[in-house]
Amino acid sequence: MTGMTVIVKTVTRWTAALIFLYGAYVVAYGHLGPGGGFAGGVILACAYILITLAYGGEHALRVLPRAVASRLDSFGALAFLALALVGMVGGGLFFTNWLQQKWAGKAFHVFNGGIIPLANVAIAIKVCMSLFLVFFILSSVRMFGKDEQIDFRSKEVD
Amino acid sequence: MKIDIQTILPLAIAIPLGMGFILPLLGKKLTRLADVAANLATASLVCLSIILLVGRLQGGGAEVYWMGGWRITAGGTVFGINLVLDGLSALMLVLVSVVSFASTLFSSRYMDQYTGRSKYYGLFMLMIAGMNGCVLTGDMFNLFVFLEIAAVSSYALVAFGCESDELEASFKYLILGCVASSFILLSIALLYAQFGALNMAQLGERMAELGVNKGSLLALMMLLAGLGVKAALVPFHAWLPDAHPSAPAPISAMLSGVLIKAIGVYAIIRVVFNVYGWTPELGMALMVLGTLSMIVGGVLAMRQGDFKRLLAYSSISQIGYVVLAIGLGTPLGILAGLFHLANHAIFKSLLFLTSGAVQYRTGTRQLDEMGGLAQKMPITGRTCLVGSMSIAGIPPFNGFFSKLLIIIACVAAGRWGFALCAVIISIVTLAYFLKVQKNAFYGKLKDKWAQVREVPLTMQCSMVLLAVLCVAMGLLLVPGLREAVLEPARDALYQGVKGYQEVVMTLLGSGG
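Heads up: the sequence lines are chains A and B, in that order. Residues in the first sequence are numbered from 1 upward in steps of one, following our numbering. Residues in the second sequence are numbered from 1 upward in steps of one, following our numbering.
Quick caveat, the hints were computed from the structure, so don't treat them as lab data. Where a beta carbon is used, it is the ideal one built from N, C-alpha and C, also for glycine. It is possible that some hints are incorrect.
[Stated by the list, open to error] Just a few of them, taken from the derived set where beta-carbon distance is under 8 Å, the chain A residues facing chain B:
(1) 71
(2) 77
(3) 78
(4) 87
(5) 89
(6) 94
(7) 130
[Stated by the list, open to error] To give an idea of the chain A side of the interface with chain B (calculated C-beta under 7 Å), a few residues:
(8) 74
(9) 81
(10) 83
(11) 96
(12) 98
[Stated by the list, open to error] Here are the computed distance ranges between Cβ atoms for each label pair:
(13) A:59 to B:303: 26 to 36 Å
(14) A:100 to B:182: 32 to 42 Å
(15) A:137 to B:395: 46 to 56 Å
(16) B:179 to A:85: 55 to 65 Å
(17) A:100 to B:57: 52 to 62 Å
Generate coordinates for the entire structure from the input sequences, incorporating the hints supplied.
Below you can see the structure in the form of structure tokens.
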């Protein structure tokens, strides 16, 4: 898969950045308006998926290597868990909103939702990377499906 | 020593969840580190679950934990995510932890045949997180979420070998599992639409107030069907005989040992007893499903030539015993059912591990290709004998006591027919496990197995651990231990909707 025509590529070059920006906005504004980590993460992943469709899998892997995506995937989940566990430090509860007391409800402050915006960012990383990887793996199966068989077997043949 | 359960309760979910994402980061090279980390994680879960079991006794009654202290009461409805630790949850936690510890111990050498060790452990830990969450949660929707975490990781684990039959089994399991999950989700949506609550205690309270109507009956039907697939009760069992044998042996042990109980039987009995409330009709439905599973599973197991497939059918049969006994609804019946559930978790995982040990050395699962292996693999042979005798109900072992109790409970409740079925299937069970012993471990040693050796030490250790437990679990009926472990679990169910709701709601204040 080497990608689509130059028209598609040019349009993608413009729109992918905008989609990515919109995704980032949905994540960052999620604690105040509609959206949040999951919705924003899906939009972010859409930007990558668009690049994969227009430019082909090889280019997409140059933008976001598979190993990096896989690590970020785990990192997002761990960051979310860490946010929850920090709440337990000092006798608090799991998922205690430990930033709440400081900035809760203060207008125009980044952390006026406490840890919710941070949790949204962690979820967005996780969702974006998972969706991208799922899409990529499924599309690569189809890519090689006809004449080349990928050896997916992980068991050693003796 | 005063143990603060409130502080450590969420760790039962947080530890496996965290390890589930840390382990895949280790990559391909650090396989030994992944082994050590996974074993440490499951060992810590064993300690944690025992602390929770003992600590719950000191605190008395149940513990309710509200995530983040976030709990809002609006219009009589409680919003918030809670974990409830009562006798039943504590018992299930210990079972999940012990079986997963034995499985990770076994995995460290068994998984040498496979690649992608860190991914395997990652999925394994996620499955434990799902099961622990499932048995701890006090919220219908979270029950579904945790159930899906456990189920989705098990789909991937069944296909872990990536051979064609494994992929086929996994695909079948995936399709049936997804249909079941959508039934469960739909029924939860129906319940929420009618009663406006997702908290199980509150849902039960509303249902008792407003009475059961057609909508909630439809929801109940779909819940029984959906959770019945997860528990592999007979009309819904078709995926199990393919999925359980195809998985790597430690995973088979986890699936048959605890997964079908934690996300199937546990969820069914929690919903039936603590949300809907046990009624004679509902009890009869459970008893019929249970007896059907018992008979069909037992009869089909007799004809199997594949070691692991035979064990899989036997799981269906034994789950039938559990559901039959709990469906009786009498205190003795529930106690017997839960006791058999606990025993089955131990001996079925032991049997799957021994079948894995045989496969590890000989490379076959066909019983008629084996023979005389007890001479070459004495530890595997003896532990398998212990497991077989336990499941068949031979006196010194735990299976005898629980089956005896189930039969006594059936007779005491006046259900002579069900008691007779239980006795007959018990004999059938003995028959097919004698066949296993004769074909695989006794008889004449075939020439081609002359070079077979005993499995590595860690694998032996995990089998011996479970075999010792098979004998020791019989002690759970001794008065002191019975009051500590089995009776609180029974009471958690027997108290019904009202008791559960009182336990959860009176503890409302202790969270925030």
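Now for the hints, and whether the structure bears them out:
no. : hint                       : result
1   : 71                         : holds, 6 Å
2   : 77                         : holds, 4 Å
3   : 78                         : holds, 5 Å
4   : 87                         : holds, 6 Å
5   : 89                         : violated, 11 Å
6   : 94                         : holds, 4 Å
7   : 130                        : violated, 11 Å
8   : 74                         : holds, 4 Å
9   : 81                         : holds, 5 Å
10  : 83                         : violated, 11 Å
11  : 96                         : holds, 5 Å
12  : 98                         : violated, 9 Å
13  : A:59 to B:303: 26 to 36 Å  : violated, 56 Å
14  : A:100 to B:182: 32 to 42 Å : holds, 37 Å
15  : A:137 to B:395: 46 to 56 Å : holds, 53 Å
16  : B:179 to A:85: 55 to 65 Å  : violated, 36 Å
17  : A:100 to B:57: 52 to 62 Å  : violated, 35 Å
Checked against the numbered hints listed earlier, the structure breaks hints 5, 7, 10, 12, 13, 16 and 17; every other hint is satisfied.
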